[in-house]
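**Q** If you read the sequences in order, they're chains D and Y. Following numbering that gives the first Met the number 0, the numbering of the first sequence begins with 0 at its first residue and continues without gaps. Following numbering that gives the first Met the number 0, the numbering of the second sequence begins with 0 at its first residue and continues without gaps.
Don't read these hints as lab results, they were simulated from the structure. Incorrect hints may appear among the rest.
What the hints assert, rightly or not - Now the in silico label distances, taken between C-beta atoms and shown as ranges:
#1 D/V150 with Y/D356: 39 to 47 Å
#2 Y/P207 with D/F54: 34 to 42 Å
#3 D/N247 with Y/S39: 46 to 54 Å
#4 Y/A17 with D/A147: 39 to 47 Å
#5 D/H288 with Y/G301: 51 to 59 Å
#6 Y/P59 with D/R17: 40 to 48 Å
#7 D/P391 with Y/E56: 16 to 24 Å
#8 D/Y287 with Y/P349: 52 to 60 Å
Said to hold, decoys possible - Cβ-to-Cβ under 7 Å is the rule here; a few derived chain Y residues that face chain D:
#9 P59
#10 V125
#11 T252
For each residue, glycine too, the CB sits at the ideal point set by N, CA and C.
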Amino acid sequence: MSPQMAGESEAMVVLQERRVALTGIGVLAPGGIGRKAYWDLLTAGRTATRRLSHFDPSPCRSKIAGECDFDPLAHQLSPQEVRRLDRAAQFAVVAAREAITDAGLEDCDTAALRRGVSLGCAVGTTTSLEREYVVSSNAGRQWLVDQAYAVPQLYDYFIPSSMAGELAREIGARGPVSLVSTGCTSGIDAVGNGFDLIREGACDIVLAGGTEAPLSPITYACFDAIRATCPRNDDPEHASRPFDRTRNGLVLAEGCAVVVLEEYEHARRRGAPMYAEVTGHAMRCNAYHMTGLTDGGEEMATAIAAALDQSRLNPDEVAYVNAHGSSTKQNDRHETAAFKRSLGEHAYRVPVSSIKSMIGHSLGAIGALEVAACALAIDDGVIPPTANLHEPDPECDLDYVPITAREQPVDVVVSVGSGFGGFQSAIVLTAPDRVPR
Amino acid sequence: MTVITGIGVVTPTGNTTAEHWAATLRAESALARVRRFDPSGYRCQVAGEAPAFDPAEHLPSRLIPQTDHMTKLALIAAKAALADAGIDPADLPRYGAGVVTAATGGGYEFGQRELQKMWALGPEHVSAYQSFAWFYAVNTGQISIRHGLRGPGGVAVADQSGALQAVAMARRQLRKGTPVMLTGAVDSALCPWGWVAMQVSGELSPRPEPDRAYRPFDADAQGWVPGEGGAILVLENDTTKPHYAHIAGHASTYGEALVDAIRLCLVDADVAPEDVGVVFADGAGVPSRDAVEAAAITAVFGPAGVPVTVPKTMTGRLLSGGAAVDLATAALALRHQVIPPTVNVTRPVPELDLVLDRPRPGSIGSALVLSSGPGGFHEAVLLTRPKECMTC
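So here's chain D without its partners, still in its complex pose (with noise of 0.2 Å):
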């Protein structure tokens, strides 16, 4: 054990005293919105992902998503919300309400300011702003936008903490509320920072999620500048293929979840039913490169380790890993590499499976997705599969689940994320019975 995390040991006597709970979920996925019909899709291994519709995607090298079928008005916000909130914030009150509405919060009565909202997301309003910039710029023929065309929106677009904004006020938060935007671990870690709220005694209850809605041209643009997004265009709904030998690229894609993170016993007090204990959180950088990854994994590993050293757990104790799975290369090696280092031999042991290869990579939401699935894997004693999977990478030689869900309990899952900016993440969520020992 590393110095600083016998350090972490220490310091959590003293911060463990305040367990967290999981109580309520709410889900808008591609496939399926609500969290029933995402736990249906899922758990069928059946991919939503499908030609880019959005927008005219011919001049894309990848032209395929993971879009939402999301009316807002047949979602209950009303005309003004549709109008003032992007897509991404649309998305996240959908969510909100089904997770509290899920958890029974409605006539709860803890104080405003012991309520809070922590939410992710990496890339903000993207497509508000775009479609804003095209209209203030005329197309780019301006570098001195036009101020007359700017809508009364912007403000709020510009700085994306407005959504968690949005959050407070469906929860009645007056408490910390905070947007996390660590690229693509944002969703993880917007969790980790609820749950450390709670831990912390600044909070009882913490709105925590992550959500997004990138597709956008501009979008597609960067990722194709990079070759990070998967050109396989005349099979989109299998295009997302991750530990496949023939994966080529992520799949973009939009969601939200939003989990209701709550003290324990201020949950077990009014008999909320529990889905999962959130248990440990630990973020790392690779401190190597924006967009690259290490080869051995040792950032992702040693996050992993403190996650379950804050947890008290062993790394055999995980009965499933929730893979960060985003079906390219050097991702699917390089965590393939990390798991082995973290959990030892038990790595060849424990199902290991990439969500995205249904849903496809929602950016900074799909880390709240991936913990929502967690949690409803711990709930349901069911475990995702990674669909798309046929012919397995030699170098991943891991138990992936390939194609079809598998029903077992599942007490203990680690779930992980990778993102721009060298950004490591691992949370711990175990089942809310299991006592730590």
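On the provided structure of chain D, position chain Y as indicated by the hints.
**A** Just chain Y now, with coordinates in the frame of chain D:
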């Protein structure tokens, strides 16, 4: 206990901490008509621009084309902060240092340039660097890579208040065992696309005279002036090292809860209101928000019960960077036992004891830094003077 051991400042008043502090004590404002682009066609015209510098003197050539202006400034500040703390990250354990920064709009000028290429020339003209040069996490990532910081990395976005949230997140990582954390924020959106976005907040001052545009707590307040820059701080849990100040308390609230942030921060620090020596106010310069802040300060400290200052009247509001600079300036105020002034305020509200026009020396044991954004985010951090200096 978390202490500040290093400070790196880049503001309109100076590209180094020493220049910034000297200009601040001279009550020298850096606000001027916008030079970065032609502001003639815009409703608002005054800004605080960082002094011009040659990036090649400060940064490896590889980093210059891949970074927005604000990231260049952030890298300069981070390097200065580490040097000030006497830390070479190579001497630390492999995961011994991390970084948490705040952001508002990301690398906006870089983003505007790439959007223009996209729409005027076509998607194949968009830079490969666009995928990370504009996004909110860029400063944390670039600082981590440049200095080999493999510990926890984080990014807080909370309107213009994110820097103090970042400080709280960094303090948490120190408590969890990482020995060194860099934190703070450096920011800029001084390009036409950012300018128009800030204008629609309805809070920017339309006055064209640089000495009249931004006058918080003044009967003539008409809004704020944007600036660019910020500060990166080095935080450690090692009180045996020379340090500027303790991070004694923090609180974060949302909505109509500024007064709660102040009270919760003092509770977190276990410091009584009468022991606070100065308040670095947010000072929005927007009459309605100034009134809320003045009422909150008065509710906790009493009418004119504590010296209040807004040194950002000299720099403009640096988006997420402003509160980081206030924290740095407050730490310097504790070290030098002098309260820096507020400038350009001629008709101050009577209920506050505003420190106007010249520095006010005194015995200052602690400093409260407040920040708010128009979106309703409020943060408070209390700094206290190092114990060994209490008697000097």
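**Q** All the hints need checking, so say for each whether the structure fits it.
**A** Hints versus structure:
no.: 1; hint: D/V150 with Y/D356: 39 to 47 Å; verdict: 40 Å, holds
no.: 2; hint: Y/P207 with D/F54: 34 to 42 Å; verdict: 41 Å, holds
no.: 3; hint: D/N247 with Y/S39: 46 to 54 Å; verdict: 50 Å, holds
no.: 4; hint: Y/A17 with D/A147: 39 to 47 Å; verdict: 44 Å, holds
no.: 5; hint: D/H288 with Y/G301: 51 to 59 Å; verdict: 54 Å, holds
no.: 6; hint: Y/P59 with D/R17: 40 to 48 Å; verdict: 45 Å, holds
no.: 7; hint: D/P391 with Y/E56: 16 to 24 Å; verdict: 52 Å, violated
no.: 8; hint: D/Y287 with Y/P349: 52 to 60 Å; verdict: 56 Å, holds
no.: 9; hint: P59; verdict: 14 Å, violated
no.: 10; hint: V125; verdict: 4 Å, holds
no.: 11; hint: T252; verdict: 6 Å, holds
Figure legend: structure checked against the earlier numbered hints; hints not met, in rising order: 7, 9.
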